[in-house]
Amino acid sequence: MKAGFKERLAFLYLISTAGIIIILFTVIILTVKNSVYKHLDHDVYLEAIKHSGDISVKNHQILFNKNAWLEREHQMVQVNPVFVQAVDARGKIIARSPNLKDDSLHFVPGYTGKFVNTTLADGPIRQFQLPVIKGGKRYGYLLVAMSLESAQMVLKKLKTTLMIAFPVVLVLLFFWARLIAGKSIQPVTAIINTADKITRKNLGERIELPRTKDELHLLVTTINQLLDRIEQAMEREKQFTSDAAHELKTPLQVMKGNMEILIRKPRSAEEYQSKIKSCLK
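Residues 0 to 280 in numbering that gives the first Met the number 0 are what the sequence shown spells out, letter by letter.
Mixed in with the good hints, there may be bad ones.
To be verified - Below, computed lysine-lysine pairings styled on DSS-like, alpha-carbon distance capped at 27 Å: (1) 196 x 237; (2) 158 x 37; (3) 133 x 57; (4) 182 x 212; (5) 32 x 158.
I should point out that these hints are in silico values taken from the structure, not numbers from a laboratory.
All chains, please: the whole structure from these sequences, using the hints.
Put into C-alpha cells, the structure is as follows:
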C-alpha cells in the first residue's frame with residue numbers, strides 16, 4: 000500500500016527528530032556520567048587528603064598512624080566504603096585498610112595526580128594515587144579508592160531507560176506528526192474538493208482565498224485565474240457558435256424559399272437549372 004502525503008511528511012519529520020533525540024540522549028548520558036565521576040573523584044580526593052594526615056616520615060621511613068585510622072573507621076558509617084593503602088617508593092605495602100583484607104590496590108610507579116578505573120576482587124573501583132613527599136624527596140604513595148558499582152549502576156539504568164524510551168517516543172512522535180501533517184494539508188484538501196465541484200455548468204464558481212497570504216494563497220489565486228481563462232474561452236466559443244448560426248440562417252432560408260417555389264408547379268429544365276444556379280451563388 001502506497002503511503003499518503005501526510006504519512007511521508009510524518010516519516011521525514013520523524014527521521015530528523017530521531018537524529019535530534021539521539022544527540023540529546025547522548026548528551027544526557029555524557030553529562031550524567033561526567034557529573035557522577037566528578038562527584039566520585041571529589042570524594043576520593045577528599046579521602047586521600049584526609050588519610051594523608053595519618054602518614055608521617057621519620058628516619059627516611061613512612062609511618063602510618065593506624066590507631067587514628069581505626070578510630071575514624073569505627074566512628075564513621077560508610078555507605079560507599081573507602082579502600083586505603085600505603086606503599087613505599089618501591090611499591091612495598093606498608094599498611095592497608097581492614098576492608099581490603101587479603102586484597103591490594105593496583106600500584107603504578109610514578110603515576111600520580113590522575114584518577115583511574117581499575118578492579119578490586121573483580122569489582123570496579125575508582126582510584127587515586129597521592130605521593131608521600133618530605134623535603135622534596137618522594138618516600139612512597141598513598142592509594143585511595145572507592146567502588147564504582149553504584150555509579151556504573153546509575154549509568155546502566157539511565158541507558159536502559161533511554162533505550163526503552165527511544166522507540167516509545169518515536170512512535171508517539173510519528174502519530175503526533177501525522178496529526179499535524181493532516182491538519183496542515185486540510186486547506187489543500189479543501190481546494191481539491193472545491194475544484195472538483197467546478198464543471199462546465201458552474202464555471203463562475205471560484206475557490207475561496209485563504210486569509211494568510213502564503214503559498215496556498217498563491218496556489219488558489221493561480222487556480223482561480225486559470226478558471227477565469229477557461230470561462231472566457233467558453234464564452235468566446237458560445238459567442239462564435241451563436242454568430243455562425245445567425246450568419247447561416249438567412250442563406251438557408253433563401254434556399255428553402257427557392258426550393259418551395261420550384262415544387263409548386265411543373266417547370267421546364269431551363270427554369271430548374273436557373274433556380275438551382277441561383278441557390279449555388
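Item to check | Proposed proximity, residue 57 with residue 133 (alpha carbon, max 27 Å) | outcome: 10 Å, holds
Item to check | Satisfaction of hint between residue 237 and residue 196, Cα-Cα up to 27 Å | outcome: Given that 27 Å is the threshold and the Cα spacing comes to 22 Å, the pair holds.
Next on the checklist: Holds or violated: residue 182 and residue 212, Cα atoms, limit 27 Å.
Outcome noted: At roughly 18 Å apart (the allowed maximum being 27 Å), residue 212 and residue 182 satisfy the hint.
Item to check | Pair hint outcome, residue 32 versus residue 158 [Cα-Cα no greater than 27 Å] | outcome: Judged against 27 Å, a Cα distance of about 11 Å means the pair holds.
Checklist entry - Between residue 158 and residue 37, does the CA-CA distance stay at or below 27 Å? => result Holds. Residue 158 to residue 37 sits at ~19 Å (cutoff 27 Å).
Violated hints are absent here; each numbered hint is respected by the structure.
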